[in-house]
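Q: Chain by chain, the residues run as shown.
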Amino acid sequence: MTDLLYSEEEEALRAAVRDLLADHCDAAGVIARVESDAPHDRELWKLLADGMGLAGLLVPEELGGQGAGHREVAVVLEELGRAVAPVPFLTSAVVATEALLAGDAGEAGDLLGDLASGRRIGALAVALNLPADSAYKVVRYEDGALHGELTGIADAAVADVLLVPADDGGLYAVDASAVTVTPQVSLDLTRPLAKVVFDGAPGRLLGDAEPAVRRALRAGAGLLASEQLGLAEWTLTETVRYLKERKQFNRPVGGFQALKHRLAHLWLEVVNLRAAARNAADQLATGSADADLAVAVAQAFAAPVAVHAAEEALQLHGGIGMTWEHPVHLYLKRAKADSIAYGTAGAHRAALAELVDLQAP
Amino acid sequence: MTDAADLRRRTAELLAAYPPATTDRLDFLRARFDAGLAWVHYPEGLGGLGAPRSLQAVVDADLEAEGAPDNDPRRIGIGLGMAAPTILAYGTQEQKRQYLRPLWTGEEVWCQLFSEPGAGSDLAALGTRAVREGGAWVVNGQKVWTSSAHVARWAILIARTDPDVPKHRGITYFICDMTDPGVEVRPLRQVTGEAEFNEVFITDVRIPDSRRLGEIGDGWKVAQTTLNNERVAIGGMRLPREGGMIGPVAKTWRERPELRTHDLHQRLLKLWVEAEAARLTAERLRQQLVAGQPGPEGAGMKLAFARLNQEISGLEVELRGEEGLLYDDWSMRRPELVDFVGRDAGYRYLRSKGNSIEGGTTEVLLNIVAERVLGLPSEPRTDKDVAWKDLAR
Chain A
1 MTDLLYSEEE EALRAAVRDL LADHCDAAGV IARVESDAPH DRELWKLLAD
51 GMGLAGLLVP EELGGQGAGH REVAVVLEEL GRAVAPVPFL TSAVVATEAL
101 LAGDAGEAGD LLGDLASGRR IGALAVALNL PADSAYKVVR YEDGALHGEL
151 TGIADAAVAD VLLVPADDGG LYAVDASAVT VTPQVSLDLT RPLAKVVFDG
201 APGRLLGDAE PAVRRALRAG AGLLASEQLG LAEWTLTETV RYLKERKQFN
251 RPVGGFQALK HRLAHLWLEV VNLRAAARNA ADQLATGSAD ADLAVAVAQA
301 FAAPVAVHAA EEALQLHGGI GMTWEHPVHL YLKRAKADSI AYGTAGAHRA
351 ALAELVDLQA P
Chain P
362 MTDAADLRRR TAELLAAYPP ATTDRLDFLR ARFDAGLAWV HYPEGLGGLG
412 APRSLQAVVD ADLEAEGAPD NDPRRIGIGL GMAAPTILAY GTQEQKRQYL
462 RPLWTGEEVW CQLFSEPGAG SDLAALGTRA VREGGAWVVN GQKVWTSSAH
512 VARWAILIAR TDPDVPKHRG ITYFICDMTD PGVEVRPLRQ VTGEAEFNEV
562 FITDVRIPDS RRLGEIGDGW KVAQTTLNNE RVAIGGMRLP REGGMIGPVA
612 KTWRERPELR THDLHQRLLK LWVEAEAARL TAERLRQQLV AGQPGPEGAG
662 MKLAFARLNQ EISGLEVELR GEEGLLYDDW SMRRPELVDF VGRDAGYRYL
712 RSKGNSIEGG TTEVLLNIVA ERVLGLPSEP RTDKDVAWKD LAR
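Taken in sequence, the protein lines are chains A and P. Sequential numbering from 1 applies to the first sequence in the numbering used here. Sequential numbering from 362 applies to the second sequence in the numbering used here.
Check before you lean on any hint, since a few could be wrong.
[What the hints assert, rightly or not] Calculated pairs, DSS-like style, for lysine-lysine (alpha carbon to alpha carbon, straight line, at most 30 Å):
id: 1; chain 1: P; residue 1: 745; chain 2: A; residue 2: 247
id: 2; chain 1: A; residue 1: 336; chain 2: P; residue 2: 631
id: 3; chain 1: A; residue 1: 244; chain 2: P; residue 2: 663
Rather than coming from a laboratory, the hints here were simulated on the basis of the structure. Please read all numbers here as calculations on a predicted model, not as lab measurements.
Using the sequences provided together with the hints, build the complete structure.
A: And the structure:
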């Protein structure tokens, strides 16, 4: 049976990440950063990757990583979600890393070591909205060079190396210096997308694209649920705190039953999300035969809950919730973008229909 | 200290002395109680051994493997889940010795005389009176929604013993003899056609003071023990995937492709996901309890299952189309057991409407989550310091 609790080590990891984020990733700082041309927080990433070794959690020790697993990654993502931290953890340390883990040693192994150490940042060059079982766009491979254009690539703006599927079925490593990366104006300011143009960029073959992309997107979807959990938890906690303080009609707003019931419903959704996300992380960690199902359940459940939590937070904060200066909008934008990332809830429900034999008409 | 190995040894001894195949059911259950293997966390001499509650599963598994009879916990659920923990916490030694053994073996069924026509969610507003006359209390009033009253030997009863103090303070907790001629049980037919509940009319029933549980005027505090145990019951449940209400509808979907529509497919998948998430939450709660870290999640599980049962059974009626327009049987029955899933989809739909009312309405439980889990302020109370007799009614 799946282990749905947190171990003592996982709680210690959570505490360490939370402390670091409390000191280095406050909401005002994130807002100021997204207003600049450089929304990513490279210093924070250095602290997480270099200082704590988090970039290599999924990488075996012999390849320079921590040899931890998806359960630990999930705990880190909960904390990063709680802070809407603008760092490429999910894209580089999870999705790009999983794609490399699917390949042979050699080229992929060297890159894994680089990514694990945080010396380089990787990004899988597949549009962020795609679920694991869908067709993805490829570039043209000709005489050792790649040609074409890909859009919707998350965190490409800070990537040092892109993992690119090509029309010959291979996955290629391409240095960012050899391509043109143009930021797209993104709904989620803290995980921006970019367009990447390949104009004869040299690529080093890593292996077959198909299994690598599938594996990467599946892990991305399953673990994204933990980020959504952290995000939903923050919005619930902040809203409860605000409603205990905010007074109208000469009493705390949080004492009105109409609002209490909404928050109690939200709490129940978050509690259920925790079990679903924990289940996905554990099943991915153990390589269970049920992992596909656990991922589909977690992602079909997580997206509506996280969006609902953020929307409720905005509404229940009243006017201040609608302002740029209050951080709730960062969470709403992340939650809405997350609801599309690695497949919508509907896409995961469709996958589930196949997995549990509940066929469409 | 009693550990798992010790419990297994005692269980083996019980099975050797009373082979299930050749022992009368009741004799076996009595022997099991006397061996302290009924509820291992209860004290010695009262059906237990003072062992950790989680070790009960060890005993149960060994007994089940040998085909030992069980005490049909569903039939005696109110006694086991509510009366017993309250008697254990507040009863005198004599009361514990008298009531717990026949309660556990099922020889005596219990019911709960709490709710009244005018006091459901606002239970402390109850008006059933108990007036002291010498060594006894004379009780008059009416109770309602009483499951099992028609088969019960005993009832736990709360009644007002002091109308001159605020409502929570003037209540006392009693054990009522259901065979007393002043107790009249009338079936209360419900939306399903069944009469699973009863109205109970109490006229000049004399309850000896020796059947009072707790101090005079402390009934509300004692009742909290009962009510908290009522809501804990769900936590230990372990369901397989599709183990709840979603199971029958998924089965129908698979076996009857001609019933499928796109709209129903979307709704079914959404509910399937929600049911699986709720199941995982119940499992997580169970793991927390086993690990000795109980969380507040239990407060929410009844809310989740009530809503899901209602939506899923409602979907199933629609899925069945022409069949959904039919109902298996409207004749009035008085079942001994509450049956949530045993009959057809129409019955499940109607019965599940009670899930958000019985054992605390959804609205009251949401308040409890908001106030006790999230720490939000309570609504202003205008009745807190007013004597019960002065409250508007």
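Q: Mind checking the alpha carbons of residue 244 of chain A and residue 663 of chain P for me, to see if they're no more than 30 Å apart?
A: Given that 30 Å is the threshold and the Cα spacing comes to 26 Å, the pair holds.
Q: What's the verdict on residue 336 of chain A and residue 631 of chain P, does the C-alpha distance respect the 30 Å limit or exceed it?
A: Measuring from Cα to Cα gives roughly 19 Å; hence the hint holds.
Q: Please work out if residue 745 of chain P and residue 247 of chain A have their alpha carbons no farther apart than 30 Å.
A: Holds, at about 23 Å.
Violation of the numbered hints given earlier is absent; every hint is satisfied by the structure.
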